[in-house]
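> Protein chains in written order, with this note's numbering: chain A, 1 to 372; chain B, 1 to 416.
Hints listed in this document are in silico derivations from the structure and should not be mistaken for laboratory results. There's no promise every hint is true.
[Claimed, not checked] Facing chain A, from chain B, some residues (calculated, C-beta under 10 Å):
no.	residue
1	Arg186
2	Ala322
3	Ala327
Note that beta-carbon positions come from the ideal geometry of N, C-alpha and C, so glycine has one too.
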Amino acid sequence: MPNKTNETSSDHSTPLIHFDAVQKTYDGENLVVKNLNLAIRPGEFVTLLGPSGSGKTTCLMMLAGFEVPTSGDIYLRDQRLNSVPPHKRNFGMVFQNYALFPHMTVEENIRYPLKTRRLPAVEADRKVSEILDMIQLRDFAKRRPGQLSGGQQQRVALARSLVFEPQLVLMDEPLGALDKQLREQMQLEIKHLHEQLGLTVVFVTHDQSEALTMSDRVAVFNDGVIQQIDTPGNLYEYPANAFVAQFIGENNTLAGRIESVEGRQCRARFGEGLSTGALLGPTLAAGDATRLSIRPERVKLNGAARALPNRLPARVREFIYLGDHLRVRCELAGNDDFVARVPVDEFASHMQPGETVELGWRDEDVRALDAP
Amino acid sequence: MTTTTLDGGASAPARGNLKSRLRRAERMRKLKAIGLVAPLALFLVVVFVVPIGNMLLNSVDNGSLRHVMPQTASALTQWDGTGLPGEAAFATFAEELRDSRRGGGLGSVGRRLNYEDPQYRGLLMRTLMGLPASSDDWRETLIGIDAAWGETATWRGIQAAASPRTDRYLLASLDLERGADGEVQRVDEDNRLYQAVFQRTLVIAGGVTLICLLLGFPLAYLLATLPAKTSNLLMILVLLPFWTSLLVRTAAWIILLQSNGLANQTLQTLGLIESPLQLVFNRTGVFFAMVHILLPFMVLPLYSVMKGISPSYQRAAVSLGAHPFAAFWQVYAPQTLSGVAAGTILVFIMALGYYITPALVGGPADQMVSYYVAYYTNTTNNWGMAAALGSILLAVTLLLYLVYHRLVNRKQMIGS
Numbered sequence: 001m002p003n004k005t006n007e008t009s010s011d012h013s014t015p016l017i018h019f020d021a022v023q024k025t026y027d028g029e030n031l032v033v034k035n036l037n038l039a040i041r042p043g044e045f046v047t048l049l050g051p052s053g054s055g056k057t058t059c060l061m062m063l064a065g066f067e068v069p070t071s072g073d074i075y076l077r078d079q080r081l082n083s084v085p086p087h088k089r090n091f092g093m094v095f096q097n098y099a100l101f102p103h104m105t106v107e108e109n110i111r112y113p114l115k116t117r118r119l120p121a122v123e124a125d126r127k128v129s130e131i132l133d134m135i136q137l138r139d140f141a142k143r144r145p146g147q148l149s150g151g152q153q154q155r156v157a158l159a160r161s162l163v164f165e166p167q168l169v170l171m172d173e174p175l176g177a178l179d180k181q182l183r184e185q186m187q188l189e190i191k192h193l194h195e196q197l198g199l200t201v202v203f204v205t206h207d208q209s210e211a212l213t214m215s216d217r218v219a220v221f222n223d224g225v226i227q228q229i230d231t232p233g234n235l236y237e238y239p240a241n242a243f244v245a246q247f248i249g250e251n252n253t254l255a256g257r258i259e260s261v262e263g264r265q266c267r268a269r270f271g272e273g274l275s276t277g278a279l280l281g282p283t284l285a286a287g288d289a290t291r292l293s294i295r296p297e298r299v300k301l302n303g304a305a306r307a308l309p310n311r312l313p314a315r316v317r318e319f320i321y322l323g324d325h326l327r328v329r330c331e332l333a334g335n336d337d338f339v340a341r342v343p344v345d346e347f348a349s350h351m352q353p354g355e356t357v358e359l360g361w362r363d364e365d366v367r368a369l370d371a372p
Numbered sequence: 001m002t003t004t005t006l007d008g009g010a011s012a013p014a015r016g017n018l019k020s021r022l023r024r025a026e027r028m029r030k031l032k033a034i035g036l037v038a039p040l041a042l043f044l045v046v047v048f049v050v051p052i053g054n055m056l057l058n059s060v061d062n063g064s065l066r067h068v069m070p071q072t073a074s075a076l077t078q079w080d081g082t083g084l085p086g087e088a089a090f091a092t093f094a095e096e097l098r099d100s101r102r103g104g105g106l107g108s109v110g111r112r113l114n115y116e117d118p119q120y121r122g123l124l125m126r127t128l129m130g131l132p133a134s135s136d137d138w139r140e141t142l143i144g145i146d147a148a149w150g151e152t153a154t155w156r157g158i159q160a161a162a163s164p165r166t167d168r169y170l171l172a173s174l175d176l177e178r179g180a181d182g183e184v185q186r187v188d189e190d191n192r193l194y195q196a197v198f199q200r201t202l203v204i205a206g207g208v209t210l211i212c213l214l215l216g217f218p219l220a221y222l223l224a225t226l227p228a229k230t231s232n233l234l235m236i237l238v239l240l241p242f243w244t245s246l247l248v249r250t251a252a253w254i255i256l257l258q259s260n261g262l263a264n265q266t267l268q269t270l271g272l273i274e275s276p277l278q279l280v281f282n283r284t285g286v287f288f289a290m291v292h293i294l295l296p297f298m299v300l301p302l303y304s305v306m307k308g309i310s311p312s313y314q315r316a317a318v319s320l321g322a323h324p325f326a327a328f329w330q331v332y333a334p335q336t337l338s339g340v341a342a343g344t345i346l347v348f349i350m351a352l353g354y355y356i357t358p359a360l361v362g363g364p365a366d367q368m369v370s371y372y373v374a375y376y377t378n379t380t381n382n383w384g385m386a387a388a389l390g391s392i393l394l395a396v397t398l399l400l401y402l403v404y405h406r407l408v409n410r411k412q413m414i415g416s
């Protein structure tokens, strides 16, 4: 998959939404959003992913119109959005706690955006009826939100934000309140809706697996800056820096220094006299300090490591059994939280904690990234 | 016995044991709960249930005649009310009248009979003075002392006071009375008072409630939406009036609002008025003082409800295309309804029973029902009227509450 679509940020079609050098501060001292440039194409599912306080929700709120950029502009096609009030933007929005109106029935909730748009009753009836069928809640039309389960409320909130056919749908951590199983089911439902209806979606979450499941592109936020914006596959395989590598998926890191560079390949030293081949990350040159990043599933153990170019001795700390695989926590070059993910059937059961094992990996499984 | 075995034969008695053990275990808990509630329950019975019941009974109690003159009372209840009662009734009455002086019940009987006709007390005194030790014909003797004893109406009056229960106080509280034929009719126009008083009480209480709602709603909204630090400070200001005695606050209003008070002086200095406005000892003063005192009771329930309404509802409405103003009325305001209901009912019911404030800052035409209740208990010692006024106020309040409850419940029905 990694080489299927190596998308660049240059757009072929005109963007639907365009953030141009947007900054936001609440107190006049700290920038919550620092110089944001982002283009969203029509029909795209873009996720803003980041830890809390990284500025992703502020971006969404600026897009929705509930916050005003301190400087910079937001464009909808050619129209400057900064001065358009939120109720005239025609964006659908799904809130974290659904924000279904508790004093209205499901049907009245869904009809609300049509009422504000003064749609003729016959047409409104038809649209509400269609969307009730789509979310399969026709039998619940006369109930109040309080009488629905979390998943049903989520579907109603979704229907309410879609019924007026908005040009853009914003979602602010809409699945945060659901349990894991329901959340995964809803992720797929939203993804399918996006595909069926050709929606443009901007989705905010702090859950990286959610972002990877649903998105066309993911913008990883940290400290008010987009660290990387790319397809889920590229984010995982080619993280731009150590933060992205750490934030997306599981990751082992080793502090080292780049010894030599050869095209995109390099050789890095780490620990006491250890070295490995690696793919060179952006902005690095020979002699730079680096943080080496290796995914646990790419680390092989003993026999499986025998044929690999990089083989290193490590001491086993503990085994964690997880049904389909086993996590082997080792100490390697001073890092005692170095994890290898081993299929259960490849595991030799006589192994004990404290034993020395041989870890191995290919050069292209290691990324040499900038040390923050 | 306590070890439960798994075989089927032993399970039946074990189940019985389990039930009794459960009861025993629950009993302690129940006793504890009762013990915790008992002092309050007792307190409520003694100071609330009993006095209210007593008041309700007092409002239909017919006074002491049937205690002071039991035989006369029973003789007159059998009388058909036409012509004059029989000789036996005259004799019993004369005897009991004489005895009543010794027993000391004459005063209360006289007071009760005077409610029927103000002549009675004098009549009784005159009769007692002229009463001979014995007589062969008491009818003639009594009529000889005062001709009034020969009139049917005189005996009808005593008959009316002889039954154990009466509706005269309740009727009088509504400006009604029983005419000569026993039918309910309105009293003369000159004597009508209480319908106007009840109307006035409802108007003042309703007006105060409305003003409190109009002033309290924006304030509560501000408190609920401001950052905690600022809203806490403002909340202290809202609660500040609670720390001063009601009497002091009412007196302060008199000083502020009187003809040469601060309010009038300021208005005159600003050149807005030429001569002082009459702001106190009239309806204006009553509204000022009562709204000031009752406002926190409106703000607090509103605030607590508004605090629980997430701001995302209004945002959601706006994102769905509603103008912020429409979003407020269509989405936010309906959710505050339970707070509005609680606040208005609290303020209204408290305002209905207000006594000191209107008595101090109101004029004669601003006195509410409570004033007359106090008047009858303190000044004229007419417990029947006081109780009847109180009972009717209670009934009106309960009725309004029921209507209100219906209305609000139908509108509200917010899902849990």
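> The structure should be examined with respect to each hint, and the outcome stated for every one.
Hint by hint, here is what the structure shows:
Interface restraint check for arginine 186 of chain B: the shortest CB-CB distance to chain A comes to about 46 Å, outside 10 Å, so the restraint is violated. Interface restraint check: alanine 322 of chain B against chain A, minimum CB-CB distance 5 Å, threshold 10 Å, status holds. Hint status for alanine 327 of chain B relative to chain A: holds, with the closest Cβ pair at about 8 Å, below 10 Å.
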